[in-house]
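Starting from the known structure of chain Y, fit chain A onto it as the hints suggest.
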Amino acid sequence: MAGVSIRKVVKVYEGKFQAVKAIDLEVAEDEFVVLVGPSGCGKSTTLRMVAGLEEISAGEIWIGDKLVNDVLPRERDIAMVFQNYALYPHMSVYDNMAFGLQQRKYPREEIQKRVQHAAGILDITALLDRKPKALSGGQRQRVAMGRAIVRNPKVFLFDEPLSNLDAKLRVQMRTEIKKLHQTIATTTLYVTHDQVEAMTLADRVVVMNAGRIEQVGAPQELYHHPATRFVAGFIGSPAMNFLPVDLYDDGGLKLRLADGIVLPVPAARVDRYGPYKGKAMTLGLRPENLTEIHDVERPGVTRIEAPIDVVEPMGSEILLHFFIDGKPLCARIAPDCVVTHGERFALAADLNQMHLIDDESGRVV
Amino acid sequence: MSDVILPPQPSSLPARLARGWARMKRNHIGFVICALGPVLALFVVIRIYPIAETIRLSFYDYHITRRSNPFVGLGNYAYLFEDGPFHEALVNTILFSMLAVVATLLLALACAILLRSIEKAAPIYELLFYIPVVTPWVPASVIWKWIFDPTFGALNYALSFFGVARLGWLQDPTLILFALVAVSVWKMVGYFVVIFGVGLRAIPEELLEAADLDGATAWRKLTRIVLPLMRPIILFSVVTCTIINFNVFAPVYVLTASSQGAPAYDFKVLVGEIYSNGFVYYHMGYAGAQCVVLLLFVMSLLIVQFLAFREKK
Chain Y
1 MAGVSIRKVV KVYEGKFQAV KAIDLEVAED EFVVLVGPSG CGKSTTLRMV AGLEEISAGE
61 IWIGDKLVND VLPRERDIAM VFQNYALYPH MSVYDNMAFG LQQRKYPREE IQKRVQHAAG
121 ILDITALLDR KPKALSGGQR QRVAMGRAIV RNPKVFLFDE PLSNLDAKLR VQMRTEIKKL
181 HQTIATTTLY VTHDQVEAMT LADRVVVMNA GRIEQVGAPQ ELYHHPATRF VAGFIGSPAM
241 NFLPVDLYDD GGLKLRLADG IVLPVPAARV DRYGPYKGKA MTLGLRPENL TEIHDVERPG
301 VTRIEAPIDV VEPMGSEILL HFFIDGKPLC ARIAPDCVVT HGERFALAAD LNQMHLIDDE
361 SGRVV
Chain A
1 MSDVILPPQP SSLPARLARG WARMKRNHIG FVICALGPVL ALFVVIRIYP IAETIRLSFY
61 DYHITRRSNP FVGLGNYAYL FEDGPFHEAL VNTILFSMLA VVATLLLALA CAILLRSIEK
121 AAPIYELLFY IPVVTPWVPA SVIWKWIFDP TFGALNYALS FFGVARLGWL QDPTLILFAL
181 VAVSVWKMVG YFVVIFGVGL RAIPEELLEA ADLDGATAWR KLTRIVLPLM RPIILFSVVT
241 CTIINFNVFA PVYVLTASSQ GAPAYDFKVL VGEIYSNGFV YYHMGYAGAQ CVVLLLFVMS
301 LLIVQFLAFR EKK
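Line by line, the protein sequences give chains Y and A. Letter 124 of the first sequence, counting from 1, is numbered 124 in UniProt numbering, and no numbers are missing. Letter 53 of the second sequence, counting from 1, is numbered 53 in UniProt numbering, and no numbers are missing.
Keep in mind that the hints were calculated from the coordinates and are not lab data. Accuracy of the hints is not assured; some may be wrong.
[To be verified] Straight-line distance between alpha carbons at most 25 Å, and here's what the computed BS3-like set of lysine-lysine pairs gives:
#1 105(Y) - 120(A)
#2 120(A) - 16(Y)
#3 131(Y) - 25(A)
#4 178(Y) - 113(Y)
[As the list claims (entries may be wrong)] Distance ranges between label pairs, derived from CB positions:
#5 119(A) - 69(Y): 17 to 27 Å
#6 158(A) - 67(Y): 42 to 52 Å
#7 29(A) - 136(Y): 30 to 40 Å
#8 233(Y) - 232(A): 43 to 53 Å
#9 38(Y) - 29(A): 53 to 63 Å
#10 12(Y) - 119(A): 13 to 23 Å
#11 203(Y) - 117(A): 36 to 46 Å
#12 58(Y) - 158(A): 46 to 56 Å
#13 247(A) - 58(Y): 26 to 36 Å
#14 328(Y) - 22(A): 29 to 39 Å
#15 223(A) - 179(Y): 32 to 42 Å
[Unchecked claim] Derived, one-sided and incomplete: chain A residues facing chain Y with beta-carbon distance under 7 Å:
#16 83
#17 206
#18 207
#19 209
#20 212
#21 213
#22 228
#23 232
Backbone N, C-alpha and C define an ideal beta-carbon position, used for all residues, glycine too.
Isolated chain Y (complex conformation):
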């Protein structure tokens, strides 16, 4: 096993488009790191550079204590699960899994033992004689993982492995990947555009945007303490609400929304936000911090009232969508609340959980 170190790595396509802009990332041994971001953010390019399938324009990639910039993919001792599985269609499941070991001249008995063991872990023993075309999407996904684990590589790379599966199977396979990592602890780099996948699987999440790393951290850390507006908006479903506000001091620090609603800044945040008085700021508030009003009002919780635009009953909760001064707003309320489209609804905004974003730098202050 080995860690992965990405140092000031740059990828420029045809001397023009810079897909990855001098990123740094340290992945510890046996750590599960997920690269997440929107399409075109450079996450797959980064993964392919680690695999050796893309040349590096500048910087260094280390696997363990070996600089691998000029090392061929087959000599990097890594295994990759592709988005479309990349199973060899003319080979049986057994041969697909054995191919990598055969190329490395493992004895026949050892190959058989490893394939059977991996097939047992992934519950695909009964499928070993089948060709990939005779398998379902989920089964193909398992075979692709089996092909990776039989080699016992230093690093596992996953390139959006669940994006071709339906929603139910995706949840099931997500759990299995997590279980697999717990069973066979190996350094893992996993790429996805699905932030739920990132949050549920990762030891640490790397949020990428426009070729740069926005933030690296544990899932809960990213959720509760996003560093930038992008991370705040990308992590969490439904996404965080953003409202433009003026921060001013009127005998107490307050936020004024564009349509005149005034929200007092909680006492615990006054020192932190004080220096930004008079600047254009954005208030960030997650839907779960905008709820129905409870009997007991807590300090830092403020009432906002607005007409309901859309009601989305989710079973375990109800999502309410509003427009405040032309900006969309989403609230999460208890499933037993009776609400109708168009009615004015009073919300409790828990400003103790608020985020304030400096519009100039885009950073959460």
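Frame of chain Y; chain A shown alone:
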């Protein structure tokens, strides 16, 4: 007011045609037969009938200039066993075809693989390779006849720079085989470069990347991934190339002594023999028997090729 019941009127012709058309469309098999009928009829007249007529003629001692063309049963076929030129033509054709098929397809595959690594320039090269394919056999062969000329030919001139003495490419009974193979390869390689290029482009890049990560070398990727995935394309190419080369005639006719007064070795091939017997000596029955043997031989080869390339269950 009472209702007036009119007697049934005979329907108009367009209405009856429309009903008939609708009925025929409901009856799927009838519709297919009617739709394909004209094409099938044409196919039978142009393709099947001449083959059947050739097979029929092969049982007769049919001579164009004679009134009496008696039935001889398998007599023509029996004579094939004694016919020296036919044996020579059969051996030559087999040798020529084997060499031409192997050389054409290996060269085409190598070119197609190389062209895959220069994706942007590939169409230009494919076009250049394809020019000989669209050039008619006869003018192309005339040019090659000049290239192979022992005294004034470009090939001997080029070889002279390397100290190679003049060679009689079309006069030497051994060299003429290789000269003919070279012309055939030059003519057909472009076609198979395009075919293999299509096959290679159809292989998902991810499979080759997966093989890279699995530790496969370039050779192992070719033999374990690329060639097995191109099996249908290779089968098509082997079959097509075999048929083309077994039916070789025009370049042999132009390049060898068969053409008017040409000082070259008389390299015999099956179609040349059929042409001589049929249209020089007018022994149509015997030429028919040779045609049937050629047909059976090529078909047997194709069956073997299909069996060899079929996907293992």
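Chain Y contact restraint for residue 209(A) - C-beta distance below 7 Å:
holds, 5 Å
CA of residue 120(A) to CA of residue 16(Y), is that 25 Å or under?
Holds - the C-alpha atoms of residue 16(Y) and residue 120(A) are around 18 Å apart, at most 25 Å.
Under 7 Å, Cβ to Cβ, is where residue 228(A) needs to be relative to chain Y, so tell me if that hint holds or is violated.
Hint holds; residue 228(A) Cβ to chain Y Cβ min 5 Å, cut 7 Å.
46 to 56 Å was suggested as the range; check whether the CB atoms of residue 58(Y) and residue 158(A) agree with it.
holds, 48 Å
Is the Cα-Cα distance between residue 178(Y) and residue 113(Y) 25 Å or less?
holds, 24 Å
Hinted contact residue 232(A) with chain Y - closest CB pair below 7 Å:
violated, 11 Å
Determine whether the Cβ-Cβ distance between residue 38(Y) and residue 29(A) falls within the hinted range of 53 to 63 Å.
This hint holds: roughly 55 Å between Cβ atoms.
Hint check: is the beta carbon of residue 212(A) less than 7 Å from a beta carbon of chain Y?
Hint holds; residue 212(A) Cβ to chain Y Cβ min 4 Å, cut 7 Å.
Between residue 29(A) and residue 136(Y), does the C-beta distance stay in 30 to 40 Å?
holds, 36 Å
Quick check: does the Cβ-Cβ distance between residue 233(Y) and residue 232(A) fall within 43 to 53 Å?
holds, 49 Å
Can the suggested window of 42 to 52 Å be confirmed for the beta-carbon pair residue 158(A) and residue 67(Y)?
Holds - the Cβ-Cβ distance for residue 158(A) and residue 67(Y), about 50 Å, lies within 42 to 52 Å.
Given hint residue 213(A) near chain Y, where the shortest CB pair must fall under 7 Å
holds, 5 Å
The structure fails hints 1, 3, 13, 14, 16, 23 (numbered hints given earlier, in ascending order).
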